[in-house]
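A.B. asks: One-letter residues, chain by chain:
Number of protein chains: 2
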Amino acid sequence: MITLYGANASPFVRKVMAVLNIKEIEYKHIPSMPFSGDKELAKVSPLEKVPALVDGDLNIADSKVICRYLESAYPEAPVYPTDVKDRARADWLEEYGGTALAEAAAGIFFNRFMVPNVFKRPVDEEVVDDLINNKLPPLLDYVESQVPADGFIFGDLTVADLALASPFVNARYAQYTIDAAKWPRMSGLFERVTAHSAVAPLLEAEAAAFGG
Amino acid sequence: MITLYGANASPFVRKVMAVLNIKEIEYKHIPSMPFSGDKELAKVSPLEKVPALVDGDLNIADSKVICRYLESAYPEAPVYPTDVKDRARADWLEEYGGTALAEAAAGIFFNRFMVPNVFKRPVDEEVVDDLINNKLPPLLDYVESQVPADGFIFGDLTVADLALASPFVNARYAQYTIDAAKWPRMSGLFERVTAHSAVAPLLEAEAAAFGG
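First to last, the sequence lines map onto chains L and A. In terms of our numbering, the first sequence opens at residue 1 and continues consecutively. In terms of our numbering, the second sequence opens at residue 1 and continues consecutively.
Hints are computed from structural coordinates only; laboratory data are not their basis. Everything numeric in this text was worked out from a predicted model, so none of it was measured. Check the hints yourself; a few may be wrong.
Repeated chains share a single entry, so a pair holds when one copy, or any two copies, can fit it.
In silico EDC-like links for lysine to aspartate or glutamate, alpha-carbon gap of 20 angstroms or less [as the list claims (entries may be wrong)]: (1) Lys135 with Glu103; (2) Lys85 with Glu71; (3) Lys39 with Asp141; (4) Lys49 with Glu103; (5) Lys85 with Asp57; (6) Lys49 with Asp141; (7) Lys85 with Glu26; (8) Lys43 with Asp141; (9) Lys85 with Asp55; (10) Lys135 with Glu48; (11) Lys39 with Asp55; (12) Lys28 with Glu48; (13) Lys43 with Glu144; (14) Lys23 with Glu71; (15) Lys49 with Asp38; (16) Lys28 with Glu204.
Can you build the whole structure from these sequences, using the hints too?
C.D. replies: Right, dumping it as structure tokens:
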């Protein structure tokens with residue numbers, strides 16, 4: 001039985017949970033918080049990041065590494081395209097979604113939601129404004145050039161769609177919505193990903209946890 | 001013909017060049033500097049990071065994405081293990097080498113070599129000491145638990161070995177050497193990787209460029 005470690009409001013944990021749903025893999029979930037001094041997490045995730053996954057004698061961390069492993073070990077219901085160049089494009093979009101885009105979008109969430117609600121400190125509106133008005137727009141411009149007007153990027157839902165959309169679930173908890181007038185394709189992709197049958201139940205469970 | 005963008009003293013570009021050597025793939029090399037306002041680089045690498053690679057109509061950035069693509073498109077002379085769990089472990093070690101370990105080891109290089117020689121500013125010895133004495137030792141302790149006393153991690157040289165060793169080539173330019181008394185396995189692995197026929201010629205070319 002697979003064990004997945006990591007709080008489900010992490011954009012990266014959410015991505016892995018969606019992949020587990022798509023592949024209909026049963027797993028045990030331990031909602032560890034990263035960087036919280038959780039000794040159980042430190043044992044399975046040397047950098048104390050989430051997600052981490054244990055499958056028998058295998059212990060890995062990092063959502064990209066985990067998704068790739070799940071694809072190889074549980075190949076039914078693929079979550080990456082099979083064409084070699086499409087697969088490389090999907091890997092690149094996954095990387096893009098998990099680095100610059102996640103930093104900006106999850107940064108909005110961190111500064112506007114976590115800081116006041118969890119850390120009980122005042123929101124620095126200057127930081128939030130900079131993320132929304134300076135950091136995020138050029139990233140969204142690039143994403144807009146990479147995603148289709150309809151459907152998913154490679155036909156069926158893949159990790160590329162999940163990686164681009166997941167950070168904006170967090171941003172939405174902080175009242176940030178992708179402007180559909182400026183970025184209609186990415187705004188539409190976000191709606192389609194979050195409505196997908198592998199994703200929507202995850203978001204309902206999260207909203208319940210957030211008292212939403 | 002493949003075109004590879006990125007200064008060859010980058011730990012990530014070096015890793016990709018070693019993979020291209022192992023696979024005996026011919027390529028054109030453009031030694032772009034990251035974050036330097038290089039417009040040619042920005043066209044192929046949206047985040048202006050290196051390495052970036054163009055192969056026909058495919059354009060990808062990030063060394064992990066590139067190495068994975070090269071493995072799929074040019075499968076001869078594999079650079080990842082084939083067993084599914086070993087492959088996942090290799091992916092994880094590649095991630096570890098490219099994040100926390102690269103930040104610390106390349107941080108020594110940046111602060112002790114680039115700052116005085118390229119940016120012509122004084123070295124902040126406090127920052128360098130913190131990297132060497134606080135940040136790096138626990139990372140090396142973990143790596144030491146993951147690498148063998150002889151040979152490479154998965155038998156033949158793979159991306160996992162390259163990703164763990166490459167940042168320490170940079171640290172060596174800043175007079176940092178892995179202490180063989182404390183970390184004999186990683187110290188030995190570093191020696192074996194840098195002596196490998198796919199890597200040693202790269203280091204000779206770098207040393208010539210650095211006037212070494």
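A.B. asks: Within, between, both or neither: how does the pair lysine 28, glutamate 48 come out at a Cα-Cα threshold of 20 angstroms?
C.D. replies: Classified as within; 19 angstroms inside a copy, 39 angstroms across copies.
A.B. asks: Taking 20 angstroms as the upper bound on the Cα-Cα distance, should lysine 85 and aspartate 57 be classified as within, between, both, or neither?
C.D. replies: between (32 angstroms within a copy, 9 angstroms between copies)
A.B. asks: Can you tell me if lysine 85 and glutamate 71 fall within 20 angstroms by alpha carbon in one copy, between copies, both or neither?
C.D. replies: both (17 angstroms within a copy, 12 angstroms between copies)
A.B. asks: Within a copy, between copies, both or neither: where do lysine 85 and aspartate 55 come within 20 angstroms Cα-Cα?
C.D. replies: between (29 angstroms within a copy, 9 angstroms between copies)
A.B. asks: One pair to classify: lysine 43 and glutamate 144, alpha carbons no more than 20 angstroms apart. Within, between, both, or neither?
C.D. replies: Classified as between: cross-chain Cα gap 16 angstroms, same-chain 39 angstroms, threshold 20 angstroms.
A.B. asks: Evaluate lysine 49 and aspartate 38 at a C-alpha cut-off of 20 angstroms and name the case that applies: within, between, both or neither.
C.D. replies: The answer is within: 11 angstroms in one copy meets 20 angstroms, while 33 angstroms across copies does not.
A.B. asks: At most 20 angstroms between alpha carbons: which applies to lysine 43 and aspartate 141, within, between, both or neither?
C.D. replies: Between. Shortest inter-copy distance 14 angstroms satisfies the 20 angstroms Cα cut-off; intra-copy 40 angstroms does not.
A.B. asks: Checking an output row: lysine 39 and aspartate 55, CA cutoff 20 angstroms. Within, between, both or neither?
C.D. replies: within (19 angstroms within a copy, 45 angstroms between copies)
A.B. asks: Regarding lysine 39 and aspartate 141, is the shortest C-alpha distance of 20 angstroms or less found within a copy, between copies, in both, or in neither?
C.D. replies: between (41 angstroms within a copy, 17 angstroms between copies)
A.B. asks: Measure nothing new, just compare the shortest in-copy and cross-copy C-alpha distances for lysine 23 and glutamate 71 to 20 angstroms and report within, between, both or neither.
C.D. replies: Cα proximity of lysine 23 and glutamate 71: one copy only (9 angstroms, versus 25 angstroms across).
A.B. asks: One pair to classify: lysine 135 and glutamate 48, alpha carbons no more than 20 angstroms apart. Within, between, both, or neither?
C.D. replies: The answer is between: 15 angstroms across copies meets 20 angstroms, while 27 angstroms in one copy does not.
A.B. asks: When no copy is specified for lysine 28 and glutamate 204, does a C-alpha distance of 20 angstroms or less occur within a copy, between copies, both, or neither?
C.D. replies: This pair counts as within: shortest intra-copy Cα distance 19 angstroms, inter-copy 50 angstroms.
Violated hints: none; the structure is consistent with every hint.
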